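Please take these sequences and the hints and turn them into a complete structure.
Sequence order for the protein chains is A and B.
Counting from 4, one number per residue, gives the positions in the first sequence under our numbering.
Counting from 4, one number per residue, gives the positions in the second sequence under our numbering.
Derived from the structure by calculation, the hints contain no laboratory data.
Keep in mind the model is a prediction, meaning the values are calculated, not measured.
Idealized CB from N, CA, C, for every residue including glycine.
Treat the hints with caution; some may be incorrect.
[To be verified] Covered stretches of chain B, as calculated for chain A (at least 3 residues, CB under 8 Å):
hint	region
1	57-68
2	118-128
3	163-176
[Unchecked claim] Okay, derived cross-link-like pairs now, DSSO-like style, lysine-lysine, Cα gap no bigger than 27 Å in a straight line:
hint	chain 1	residue 1	chain 2	residue 2
4	B	5	A	6
5	A	5	B	48
6	B	6	A	6
7	A	5	B	6
Listed below are the residues making up each chain.
Protein chains: 2
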Amino acid sequence: MKKFLNSPAGMQRESLAGFAQAWHDIVALDPDGRFVRRRQTRAGKVALISGGGSGHEPLHIGFVGRGMLDAACPGQVFSSPTPDQIVQAARAVDGGAGRLLIVKNYAGDRMNFALAAELCGPGTGVVLVDDDVALADSAREAGRRGVAGTLVVEKLLGAAAERGDGLESLRVLGPRAVAATRSMGVALTSCTVPTVGRPTFEIGAGEMEVGVGIHGEAGSRRVPLMSADRIARELVEAVLADLVPRAGRGEVLLLVNGCGATPLAELYLMFGAASRELQRHGCRVVRSLVGNFVTSLDMAGCSVTVTRLDGELAGLWDAPVQTAALRWGV
Amino acid sequence: MKKFLNSPAGMQRESLAGFAQAWHDIVALDPDGRFVRRRQTRAGKVALISGGGSGHEPLHIGFVGRGMLDAACPGQVFSSPTPDQIVQAARAVDGGAGRLLIVKNYAGDRMNFALAAELCGPGTGVVLVDDDVALADSAREAGRRGVAGTLVVEKLLGAAAERGDGLESLRVLGPRAVAATRSMGVALTSCTVPTVGRPTFEIGAGEMEVGVGIHGEAGSRRVPLMSADRIARELVEAVLADLVPRAGRGEVLLLVNGCGATPLAELYLMFGAASRELQRHGCRVVRSLVGNFVTSLDMAGCSVTVTRLDGELAGLWDAPVQTAALRWGV
Chain A
4 MKKFLNSPAG MQRESLAGFA QAWHDIVALD PDGRFVRRRQ TRAGKVALIS GGGSGHEPLH
64 IGFVGRGMLD AACPGQVFSS PTPDQIVQAA RAVDGGAGRL LIVKNYAGDR MNFALAAELC
124 GPGTGVVLVD DDVALADSAR EAGRRGVAGT LVVEKLLGAA AERGDGLESL RVLGPRAVAA
184 TRSMGVALTS CTVPTVGRPT FEIGAGEMEV GVGIHGEAGS RRVPLMSADR IARELVEAVL
244 ADLVPRAGRG EVLLLVNGCG ATPLAELYLM FGAASRELQR HGCRVVRSLV GNFVTSLDMA
304 GCSVTVTRLD GELAGLWDAP VQTAALRWGV
Chain B
4 MKKFLNSPAG MQRESLAGFA QAWHDIVALD PDGRFVRRRQ TRAGKVALIS GGGSGHEPLH
64 IGFVGRGMLD AACPGQVFSS PTPDQIVQAA RAVDGGAGRL LIVKNYAGDR MNFALAAELC
124 GPGTGVVLVD DDVALADSAR EAGRRGVAGT LVVEKLLGAA AERGDGLESL RVLGPRAVAA
184 TRSMGVALTS CTVPTVGRPT FEIGAGEMEV GVGIHGEAGS RRVPLMSADR IARELVEAVL
244 ADLVPRAGRG EVLLLVNGCG ATPLAELYLM FGAASRELQR HGCRVVRSLV GNFVTSLDMA
304 GCSVTVTRLD GELAGLWDAP VQTAALRWGV
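Listed below in structure tokens is the structure:
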């Protein structure tokens, strides 16, 4: 395992501290390290709280700030934060207008955020993100996993909360943003959890994992490494097959997301390839984002996320945002 | 070699096209792919043009935009752009107030930018960036290499040009910004040039290369992998030893830069470690940046850059910037 760290057990805590120090103009770290909060919260605004296992940076801590999240609760690497963490975070950023918890669809996260919502009491909503089409199977109890589309949902809801939308309105917008968003990814290498010290899965020099999960979970199949164009075609087709309506798709946001160890030069290339593929299917890419945003430690790989836009969603995407990882319009 | 690409030979061109498409609101790509230019240039402003080999993305193309570069000329991977490319770019963004070429100190880049400056004629300045202390030896004819500090120099000069500084003034500010900036990096893995197909250098599972160059050039020594704190200490001490004045260093900008395959979580941790080390040496980190900005394809590694700040330099750093890779205050 080759990583910049002092001790595997201390990595999450030290990384969080370094993050908070680098971006202290935007965020503040709870003294006990339980959550990262927006430096300046606003009274009368619904508080948006998210979180999940660490190892996906900049998700979620890098999306705390004006126009996006009010707080993020990082768990240990690939482990849910505790209900207590979430409740503390929600209390710290309460603006008196209710709170909305944004949760990626994993059993541990669902359970802990649901318990936290109960402890927070009335005026607490939960939005579940399940954008990964790799293992789409509505019959499975667990449902789809939440992956890179979480960024899009947090941006859209963050903008809506910032403009003054109330909790009930956000509770409607959340599922609408989730329904408009689908993702799928591929991995070229495994990731290595620091406290484990060896790769999560083995993969051959000429192989790739299609539909990989953001914790290195198995995808839908293991195949020989394909060209960028073929990968883009496979990902875009899988994503579009799951987005309704299938006809007249119109305008979309395209996010090409890196898994952590894939350099921007390759992601730019994948963006071009995915964009051509979308065009071939009658979609017009009117908003775009490319970079390492929802990562899996040191995994090499990328994912494609497509969000169907209407006028309102496009406006929410364009709204000012000032976080460590996303900044525009301010 | 595991990369997202269609053909090694086409990678640079396709990556550039994808980049320009993703950020078409900020940049425009020359139809022949010779340069990326700012979508909107301003008459009466000194034009800033940089460039160099590809493979360091987002440098330089990701720094084109308001408050930073007017144009960037990407060469093939790790190869200088041609004088013709540079001249075409300079003509395309000419605002009638002269032009300044920002050049990393490598033989090929120096030669081609010098020739381009001659072809551009009077009213053309050149600023040479040589911030790498790894092989510091003023007796060597080649001098220090230009590495991650290039980002800082481009930001400071870009802000000065944007506020209306003339060419003569920028010709003074350039060397001042360069003199205030020093960097050093370490690599945990090699990079792989697509057209070569195998790693540039071999490195053992438990080894790191101290003082590595941004093209995978050998550093000052090969040592067993150290802890993050020890790496930070070594890098900060080398950087500070080369910054004058050594006493009373005061306020600094700290940039912890990733080499391409190192995830943010590790860079955050390194930021904390480098920051503590600077503090121990009497420096106060008053500005910070952490991320993958000056990369070496798929190399895992990081570098530390320190810039001594005075009131003017801090103000130029804070000035609005709107590029693909750096955005704030706008």
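Hint check results:
1. 57-68: This one holds; 5 residues, not fewer than the three required, reach chain A with a Cβ under 8 Å.
2. 118-128: violated (count 0)
3. 163-176: violated (count 0)
4. 5/B to 6/A: holds (20 Å)
5. 5/A to 48/B: Given pair residue 5/A, residue 48/B is violated - Cα atoms ~46 Å apart, limit 27 Å.
6. 6/B to 6/A: Given that 27 Å is the threshold and the Cα spacing comes to 21 Å, the pair holds.
7. 5/A to 6/B: holds (20 Å)
Checked against the numbered hints listed earlier, the structure breaks hints 2, 3, 5; every other hint is satisfied.
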